[in-house]
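K.L.:
For chain V, the structure is supplied; the task is to place chain G on it using the hints.
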Amino acid sequence: MPILEVKNIKKNFENTEVLKDISFDLEEGQTLSIIGSSGSGKTTLLRCLNFLETPDEGTITVRGKLLLDGANPITDQRQLRENRKHFGLVFQQFNLFPQYTALENVTLAPLLHSDPSMKDEIIEKGKALLAEMGLADRMGNYPHQLSGGQQQRVAIARALAMEPDILCFDEPTSALDPELTGEVLRVIRELASRHTTMIIVTHEMAFARDVADIAIFMDDGIILEKGSAKELINNPKEERTKQFLSSLSSR
Amino acid sequence: MFWTVTLSLLEGFWGTLKLFCLTLVFSLPLGLAICLCSRSKVKLIKLPIRLIIWVIRGTPLMLQLLVIYYGPGIFLGINVWGTDNRGRFLAALIAFVINYACYFSEIYRGGIQSIPVGQREAGKVLGMSRSQIFFKITMLQLIKRIVPPISNEIITLVKDTSLARVIAVYEIIWNGQSFIKSSGIIWPLFYTGAFYLIFSGLLSVLFVRIEKRLDYFR
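So the sequences go chain by chain: V and G. If you number the first sequence the way this note's numbering does, the last residue is 251 and the count never jumps. If you number the second sequence the way this note's numbering does, the last residue is 218 and the count never jumps.
The hints are simulated quantities; they were obtained by calculation from the structure and are not laboratory data. Fair warning: this is a prediction, and the values are worked out from it, not measured in the lab. Heads up, the beta-carbon is just placed ideally off N, CA and C, and yes, glycines get one too. Where hints are given, some of them may not hold.
Stretches of chain V that chain G covers, calculated by requiring three or more beta carbons in the stretch to come under 8 Å of a beta carbon on chain G [as the list claims (entries may be wrong)]:
hint, stretch
1, 86-92
2, 239-246
Where chain V lies over chain G, by a calculated footprint (3+ residues, C-beta under 8 Å) [to be verified]:
hint, stretch
3, 56-67
4, 117-125
Extracted from the complex, chain V is given alone in its bound form (with noise of 0.2 Å):
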């Protein structure tokens, strides 16, 4: 059984259609990667996931369990919390909280979801997280005093403290300087490596190839083609698709 099964999602905004009919299943341990045009849908389809956009019709299955059905939708506030949680999500902006340490953004989740005598082992969780992400020296470190792409990686970490059971990118790298990609990108392709459930948002043709299993090319708020992730970037079936990689790799 697939871990991720997305069904009929529809999302409109005012008079537009954002996402006309996207279906797609997800395995436990595989990346997606999702690439296509800016406006092509991407991004709102990823906020549905996340719960930040409720679509207008369509359902979200996570492990079996119907998380959300765009018909109809969940009125109740803590239920609506709870869904979320199988959703984690590292934004384009990194979004860290600038009045906390990056430990402290790590924790400050965890530790209000769960028993005050989890403390010491959630903060130990977090700088395990932070070690892992190669950020041992800069727990202590508020947002503004990091670089670039040690906030995003701080960002992963938040999300990853929380557990979910599918981690989402919006574009983790576009907001970095190019020398600051790097990092992150690598630190995604161990997460790929762990089999960790990801979906990707991302123009970084070469990185979707190499690290995602599948890919998906959306435009103009459908799925125009999707595949292993090598087959569709190498040799696109499509020709929008071959159209939308060319202008990509003539920049």
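P.N.:
Below, chain G alone, put in the same frame as chain V:
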């Protein structure tokens, strides 16, 4: 003579200080309530509040004092303030609270709008509730952003309290001016300036300290 004047001015300054402190105690929270209403999605709440803010910010505080003190008697034929000093003080306090609450509400509004949406979204994605997001994420960032404009308003309030004497509320300038009539000297009136200066100076030091305390993050 100097000591007599100083003592009299200190007594008058007590009136100034009372008006100042009570205005802050009520207008800072009332401003937040007005701010939340002015951001409401319900037009029936939002529009009247926006109208009130426009009127209060668009007319002189001195006029508002006069309208609140004399208005009920003239338009409704009822004397709500009584005849003693306490009634006048209450009328002045209400005028100040409403006026400053409107200014504070606009400062809060600007502060809330300046916090990136991403902060709230990050909290949501981490499964935090609305109140957790407000108290654990937004509030301190909001305070940091509003301390400079709020401290500006508060220092203006120190000096604005002198307007209360248009409805004969005793405060320091009232006492200073009384020496012109009683003793024919004007320097006590000028001397009141020293009290304002020292008090606003102390407040400035306090606000700089608060800003420094919040300097550890950006």
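K.L.:
Next, verify each hint and record whether it holds.
P.N.:
Here is how each hint holds up against the structure:
no. : hint    : verdict
1   : 86-92   : holds (count 4)
2   : 239-246 : violated (count 0)
3   : 56-67   : violated (count 0)
4   : 117-125 : holds (count 7)
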